[in-house]
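K.L.:
Modelling step: build the complete structure from the supplied sequences, incorporating the hints.
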Amino acid sequence: MSGREETDLPGGWEAAAAEYVLGLLSEDEAAAFEARLAQDRDLRQDVEAWEEYFATLTDPIAEVAPPPQVLRRTEAELFGRRSQPAWRQLLPYLLGAVTAAAIAWAVSFSGLLDTRDAPHLYADLETPSRGLVMLAHYAPDSGTFMVRRDAGAYPEDRSLEIWLIADEDSAPMSLGLVDREGLTEIPVPRAIARQIPGAAVAISEEPEGGSPTGQPTGPVLALGQMAPRG
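In terms of the working numbering, the sequence shown opens at residue 19 and continues consecutively.
Worth flagging that the hints you see were computed from the coordinates, not collected in a lab. Only true hints are included.
Here are the simulated distance ranges between beta carbons:
{"id": "1", "residue 1": "T74", "residue 2": "A33", "range": "13 to 21 angstroms"}
{"id": "2", "residue 1": "A209", "residue 2": "D142", "range": "24 to 32 angstroms"}
{"id": "3", "residue 1": "G30", "residue 2": "G236", "range": "48 to 56 angstroms"}
Being a predicted model, the structure only gives us computed values, none of them experimental. Where is the CB? At the ideal position from N, CA and C, for every residue including glycine.
P.N.:
If you want it as structure tokens, here you go:
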């Protein structure tokens with residue numbers, strides 16, 4: 019463009035404005051361009067014009083909602099890691115309270131003792147704001163994990179999913195869905211059963227049929243720790 023100082027950037031200032039909008043300039047080139055941009059009104063107009071032009075190129079493309087996991091990764095790259103949900107922040111305190119009885123249970127289950135002597139494990143799972151009252155129960159003699167809903171309505175067109183969190187560094191592992199009616203009974207493989215003593219159990223609200231990502235996506239309604247009853 020006439021009347022402007024020369025620049026070492028290929029194509030001059032106008033071309034540099036397009037590359038700047040597209041994020042194609044190197045760090046040093048972008049710094050030099052921004053220094054010029056702060057004092058050149060015409061250059062700012064060039065940038066605005068290129069921004070409007072490039073924005074029109076996406077008009078024919080229909081909007082598609084990204085999968086939740088892709089959106090989370092993109093947001094993390096652009097804006098940094100978001101703060102952990104409240105239930106994640108509570109895990110260190112919850113899991114730090116492993117009782118001696120739970121440790122004894124783990125020893126017995128390792129094969130040193132007959133598993134029939136191992137105590138049953140329980141966790142209270144309540145959501146006062148929704149009136150939900152549930153009880154998680156693991157029976158080692160039958161290898162069955164159970165959830166009993168004692169109060170509260172099951173959400174319409176949604177599912178309640180059960181998650182096992184072995185420790186604060188472990189990702190939640192889905193055990194299955196809470197049944198809409200009656201007692202939920204889930205056979206648990208031995209490898210998973212070894213992780214149950216002292217582990218946290220969470221109930222999340224998910225789309226009907228369960229989480230589409232393999233991790234909790236909806237609100238976590240309740241969180242408790244599996245331990246023997248005194």
